[in-house]
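Student: Make a model of the complete structure from these sequences and hints.
Going by my numbering, 37 is the number at position 37 of the sequence shown; the sequence numbering is gapless.
Fair warning: there could be bad hints in the mix.
[To be verified] Below, a list of computed lysine to any residue pairs in the SDA-like style, where the Cα atoms sit at most 20 Å apart:
{"id": "1", "residue 1": "965", "residue 2": "998"}
{"id": "2", "residue 1": "539", "residue 2": "518"}
{"id": "3", "residue 1": "238", "residue 2": "191"}
{"id": "4", "residue 1": "433", "residue 2": "421"}
{"id": "5", "residue 1": "788", "residue 2": "827"}
{"id": "6", "residue 1": "464", "residue 2": "540"}
{"id": "7", "residue 1": "238", "residue 2": "187"}
{"id": "8", "residue 1": "247", "residue 2": "309"}
{"id": "9", "residue 1": "247", "residue 2": "187"}
{"id": "10", "residue 1": "965", "residue 2": "1010"}
{"id": "11", "residue 1": "255", "residue 2": "291"}
{"id": "12", "residue 1": "98", "residue 2": "71"}
{"id": "13", "residue 1": "98", "residue 2": "197"}
{"id": "14", "residue 1": "14", "residue 2": "129"}
{"id": "15", "residue 1": "130", "residue 2": "230"}
{"id": "16", "residue 1": "870", "residue 2": "924"}
{"id": "17", "residue 1": "328", "residue 2": "307"}
{"id": "18", "residue 1": "328", "residue 2": "363"}
{"id": "19", "residue 1": "61", "residue 2": "30"}
{"id": "20", "residue 1": "990", "residue 2": "952"}
{"id": "21", "residue 1": "539", "residue 2": "502"}
{"id": "22", "residue 1": "61", "residue 2": "84"}
{"id": "23", "residue 1": "247", "residue 2": "200"}
{"id": "24", "residue 1": "255", "residue 2": "191"}
{"id": "25", "residue 1": "558", "residue 2": "476"}
{"id": "26", "residue 1": "238", "residue 2": "190"}
{"id": "27", "residue 1": "433", "residue 2": "496"}
{"id": "28", "residue 1": "990", "residue 2": "1012"}
{"id": "29", "residue 1": "238", "residue 2": "299"}
{"id": "30", "residue 1": "464", "residue 2": "553"}
{"id": "31", "residue 1": "464", "residue 2": "429"}
{"id": "32", "residue 1": "870", "residue 2": "788"}
{"id": "33", "residue 1": "168", "residue 2": "30"}
{"id": "34", "residue 1": "238", "residue 2": "149"}
{"id": "35", "residue 1": "366", "residue 2": "351"}
[Claimed, not checked] Beta-carbon label-pair distances, calculated as ranges:
{"id": "36", "residue 1": "699", "residue 2": "467", "range": "36 to 46 Å"}
{"id": "37", "residue 1": "801", "residue 2": "1023", "range": "44 to 54 Å"}
{"id": "38", "residue 1": "123", "residue 2": "63", "range": "20 to 30 Å"}
{"id": "39", "residue 1": "800", "residue 2": "501", "range": "47 to 57 Å"}
{"id": "40", "residue 1": "690", "residue 2": "572", "range": "16 to 26 Å"}
It is worth saying that the hints were derived from the structure and are not from the lab.
By construction, the Cβ of each residue, glycine as well, lies at the ideal position given by its N, Cα and C atoms.
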Amino acid sequence: MTSAILSAINILTKPLGEASAQASQQEALHAALGANRALLLERLQSDSSLQPVRSQREEVKAAAGWFCSETHDVTWSFVQECLLLLLTLTRHLTDELKRFQEAPPPSGNLRTPEMAPPLPPDVLSVSQQKTLGAALQFVVSLGLCPYLAAGVGVPLGRRSAFGSVVEKLIRREASPPAGRRLLTTTRVLLQAAELATLATLVFTRHLGDVMAALCQLGYEPHREEDRPLRPEECRSCKEALRNLLGKVYQPIVVKELLILQGGPKQSGPSGSSVGSSSSRAALGSAPAWLRRLCGQLLSERLMQPNGVQAVVRAILEGGTGGDSDWRKCDAVARILVACPHQSASADGYFRLVCPQVLELLHIRDKLTALQFQRVATRAALLMVQERPGFAQQYLLGPLLAPLRRCITASAEEQSQVAVEESELTRCLEDVYKVWVVGNSPSAALLAALEEVVPVVFTLFCFTKQNVSHLRGPCQEILLWFLSHSETSASLSSLRQLSGLRERRNDVAAEFQFAAGGGGGVRLRCRQTCSDEDEELYEKLSGEQWRLECLMQLLAQLKDSDLPGDFFLDLLQELTSWAADEETEGDDELDVAAMTLLEVERQLLGGAERRAGRLTLLQVLAVMVECLQHDRLLRRTSQVVDFMVSLLQRACVGLGAAAGPSVGNPVESQTLSMGMGLVATLLSAPQVSAEDYSCMSRLLPPLEALSQRHPDAVVQELASNLRAVIATRGACRPDDLAGAAAARGSREPESKGNNRQTPASTGSSSPQQPCPTGGGGRTSAGGPDPNDKPFSDWLLEACDPDVPTRAFALRVLTQRVRRRDPEAVQAQEKVLTLFLENLEHEDAFVYLSAIQGLAVLADSYPGRILQRLLKDFQHGPSLPSSNKERSLETRLKVGEVLMRASRAMGELTPHLGRPLVSVFLRGTRDSDQSVRASSLSNLGELCQRLDYSLGPLAQELSSCLTALIKTEKEAEVRRAAVHVVAQLLRGLSDKTTQVLQDVLLDLYRALKWVVRSDPDEVAVLHAQLALEELDDVMRRFIFPGQKLEKKIVVLP
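Tutor: Laid out in structure tokens, this is it:
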């Protein structure tokens, strides 16, 4: 029966070949419709196989009150036949499906596991669906779209050229009226759509047309005398539209409503839209009543559960991520932020929408997640700007709730875990997306984030001690906040994070962060510690770690002045405290006139002040240690601020007979260095007017120093600097910078003094002399080493003062490197001096001697290497050598030989053969340290020998494999395995050529270590060596493909 009905539909809708002979397309279509209808009626009467179809058709026709047999419109007659057959098919499939569902299942003995379940009778084949789709297209094109009012839906003429032909074919004046025709077609389509199989065909292709028809039938305004439908028919159409919108996939509904709403309102007459842009050609100007209706329906869709996601999917589905998608995301965000007029209250609207906006941030589908996050981020930022009250209550509050719960958590109210790992991870990811990715700083956003910055920083410090994927988001959030906040707010936050201010909004004292199972972090109750000493140690180490993490954050602020501003702010506070100490020293506490409570308050206040000062000094010390000077003082204004703080601190107590700046040599030297820095700035070739204006703040402290400092040289230098700044460089004394440097070198107390006071930590360096490259001036501004006779440097190399001796050794090293004539002549004396100082106990001295010997060996390898090899084998050969420290001296000589091996370069094959022999003999030394040193030097040397290693490969392999398998000391075995790794790393692709005879032995030795050696470090070295060997063999077996062009000259 189903096939017979579809055969009848096929007869009605199939094209006729003879229709193409008509004069025009309109006439051809008119003739084809009439001929097909006549053919169908004839076949129904004559064909016995279609008798059941005819009988059911007659039943449907009798029940259909809309059928009009007196119409003279061929197109409507054709549409009526299509509608009758559609209803016939619908009734038949409904009856068959009902019988199928009521029929008992087949007995168990007739069913097998391989048997497929029976198909329901409403399943149609591909060809049947094609036939039915053609009939539906005729119904919509001839019986629905032509009767839509202007601006309702997309006109047929704008869909295709065939649509224009159909529009001209319709006769609206014929019976029945256009409104009744539209109602009849729409009702039949909705009736057919009650069957799931037919609903799929109707709504996947013609949903927009059906919605447009229902909107027009139910909501189009008419005069009372011109109303085409009865009131109850209008109400039924409205109810049908509501039911339809509730059943269909919501993104499709939203998309169709947007199409129905039409393009922008036309400013000119209707004919002017013909020349509009192609992007808006399909969307005409909808009538006002339809625009209002679609807006209301869209608002209802938006305020439903998951309505925001439906709207976003409807607009963004199918995007490519280009500029147009960015504009779409921004448009959708603005739609979400704008409260619709249909909403009862803005509070209710945002209460429904904001949670759905947050849910957009959690979409995991990779194809749509990025666009959804763009919409959510943009909507959140717009809501904060335009609706800050609602955004704070319904958006930022729930978003930051897990972080705020870390602050307010209570052990009495919470369980063992206050904040779960998933909550904290989602919260930080959302904060990162909205604040950092959105990157639209505003006062409301910064204020909301400032409340939870201490928690985020504590979490960041925890992740720095562990492996967690939250470390990156925490760091980016903190950097974003510090970069975009006002300077005063950033400095206040830095003070709180560094411990200089009372902690507020930090993690509750009874809770602490702990590692989660998924790589995240959770908040749980703190475990009590019974040992007070251990608790104090944890507290102090935790504060130190927080400071180091804070410095790492500041180091990440590449192009920001915040680190320098914070540093100068701390120095200014240090200066003010220095002044307070002067006044506190003069005021003695009169205990007799005070009560016990007042005495306690005074003592506690003094203890708090001292604790704060210690914290300040600690922060300054960590800043100077962790941050480079170019991070702290990036601009001239910051250098000037630093100098203002330094000079003001120097002015404190000048009125006393012996102020701190006078009696403390470190303070005096710091003042000299600071004034030298100012003189250097003023001695620059070009000093801008802005720099002079900035330096004008130095005038008051310089005037105070020039009048009240007890040192006449400081007074004169301060007066000269003040004159240059005040006159903008017009009055400039000769060699201003030189005078300042000379002042710095005149401090007799600074020689050998390596101590620093906390107040000078940020501005002074240890007063040990250290040479600059090329024998330039010393750091203290002393004379050029080239101006002193060479013999004096030889004498100072024997000076008992450690800094003097070390400095002399380094100057001699520089002269040997430059091939100074006097150093060449005194080569033997220099060698002896270096060998003597090699036995010195101080690391500064013997390291300088090691460096000097390495330079000597590089400059004169022939004789120097021979002497060093002899001392490495047999111990120091100098008469004055201490035989008890012979082992230490040999190891130091080994360090010299290793540095010399690294410096040989391309001469290694020529100069390295004697060293290989000595190091191989050293592997049999009685002392394990010498054996390990020999192996270490052997590895450094062998990886540079390349092909020259070939003749020694067998001997080297035998030595290494024997040590690996027989050596008892783990340190020596590690060194032997490391030699193999260095050998493979140095030879790289040459390994298979140089070590082809011994490569298998080395491989077996490494595998033996991995399987049998009890030392974990040796096993690790062996695994690394095997990885190197694996890389070498992979490149050897599978060489890289190279695309090369070869030009061959043909004869």
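Student: For each hint, tell me whether it holds in the structure or not.
Tutor: The hints, checked one at a time:
For the proposed pair residue 965 and residue 998, the alpha carbon gap of about 16 Å is at most 20 Å, so the pair holds. Annotation: proposed proximity of residue 539 to residue 518 is violated, straight-line Cα distance about 28 Å (limit 20 Å). Only pairs whose Cα atoms come within 20 Å are accepted, and residue 238 paired with residue 191 is accepted, the gap being roughly 15 Å. Annotation: proposed proximity of residue 433 to residue 421 holds, straight-line Cα distance about 18 Å (limit 20 Å).
Of the supplied pair hints, the one linking residue 788 and residue 827 holds, its CA atoms being roughly 18 Å apart against a limit of 20 Å. Simply put, residue 464 and residue 540 have alpha-carbon atoms about 17 Å apart, close enough for the 20 Å limit, and the pair holds. Between residue 238 and residue 187 the CA atoms are separated by roughly 12 Å; this keeps the pair inside 20 Å, and the hint holds. Between the alpha carbons of residue 247 and residue 309 the distance comes to roughly 17 Å, so the proposed pair stays at or under 20 Å and holds.
For the given pair, residue 247 sits about 17 Å from residue 187 by alpha-carbon distance, which is consistent with the 20 Å threshold. The hinted pair formed by residue 965 and residue 1010 meets the criterion: a straight-line CA distance of about 12 Å does not exceed 20 Å. Distance restraint check for residue 255 and residue 291: the Cα-Cα separation of roughly 14 Å lies within the 20 Å cut-off, and the hinted pair is therefore satisfied. For the suggested pair residue 98 and residue 71, the alpha carbons sit about 36 Å apart, so the restraint of at most 20 Å is broken.
Simply put, residue 98 and residue 197 have alpha-carbon atoms about 14 Å apart, close enough for the 20 Å limit, and the pair holds. Between residue 14 and residue 129 the CA atoms are separated by roughly 14 Å; this keeps the pair inside 20 Å, and the hint holds. A hinted pair counts as satisfied when its Cα atoms are at most 20 Å apart, and residue 130 with residue 230 does not qualify at roughly 36 Å. Note on residue 870 and residue 924: the hinted pairing holds, with a Cα-Cα distance of about 16 Å set against a maximum of 20 Å.
Under the criterion of a C-alpha separation no larger than 20 Å, the hint pairing residue 328 with residue 307 is consistent with the structure, at around 17 Å. For the suggested pair residue 328 and residue 363, the alpha carbons sit about 18 Å apart, so the restraint of at most 20 Å is met. A distance of roughly 24 Å separates the Cα atoms of residue 61 and residue 30; the hinted pair therefore is violated under the 20 Å criterion. Our distance criterion of 20 Å between C-alpha atoms is met by residue 990 and residue 952, whose separation comes to about 15 Å.
At most 20 Å may separate the alpha-carbon atoms for a hinted pair to count; residue 539 and residue 502 meet this at roughly 15 Å. Among the hinted pairs, residue 61 with residue 84 is consistent with the structure: their alpha-carbon atoms are about 7 Å apart, no more than 20 Å. Taken as a hint, the residue 247 and residue 200 pair is honoured in the structure, with Cα atoms around 12 Å apart against an allowance of 20 Å. Restraint check: the Cα-Cα separation between residue 255 and residue 191 comes to about 24 Å, which exceeds 20 Å; the hinted pair is violated.
Distance restraint check for residue 558 and residue 476: the Cα-Cα separation of roughly 13 Å lies within the 20 Å cut-off, and the hinted pair is therefore satisfied. For the proposed pair residue 238 and residue 190, the alpha carbon gap of about 13 Å is at most 20 Å, so the pair holds. Simply put, residue 433 and residue 496 have alpha-carbon atoms about 26 Å apart, too far for the 20 Å limit, and the pair is violated. Between residue 990 and residue 1012 the alpha-carbon distance is near 29 Å, which puts this suggested pair outside the 20 Å criterion.
Simply put, residue 238 and residue 299 have alpha-carbon atoms about 17 Å apart, close enough for the 20 Å limit, and the pair holds. The straight-line distance between the Cα atoms of residue 464 and residue 553 is roughly 11 Å, inside the 20 Å bound, and the hint therefore holds. As the CA atoms of residue 464 and residue 429 are separated by approximately 18 Å, the hinted pair is consistent with the 20 Å bound. Pair hint residue 870 plus residue 788 does not hold up; C-alpha atoms about 34 Å apart against a cutoff of 20 Å.
Proposed proximity of residue 168 and residue 30 is supported: the alpha carbons are some 11 Å apart, at most 20 Å. This hinted pair checks out: residue 238 and residue 149 have alpha carbons roughly 17 Å apart, not beyond 20 Å. Distance hint between residue 366 and residue 351 is unfulfilled; the C-alpha atoms sit about 28 Å from each other, more than 20 Å. The hint said 36 to 46 Å for the Cβ distance between residue 699 and residue 467, and at roughly 55 Å that hint is violated.
For the pair residue 801 and residue 1023, the supplied restraint of 44 to 54 Å holds, since their beta-carbon distance comes to about 49 Å. A C-beta distance of roughly 26 Å is found between residue 123 and residue 63, which places it inside the suggested range of 20 to 30 Å. Between residue 800 and residue 501 the CB atoms are about 50 Å apart, so this pair conforms to the stated range of 47 to 57 Å. Distance hint for residue 690 and residue 572: a CB-CB separation of about 22 Å, consistent with the stated range 16 to 26 Å.
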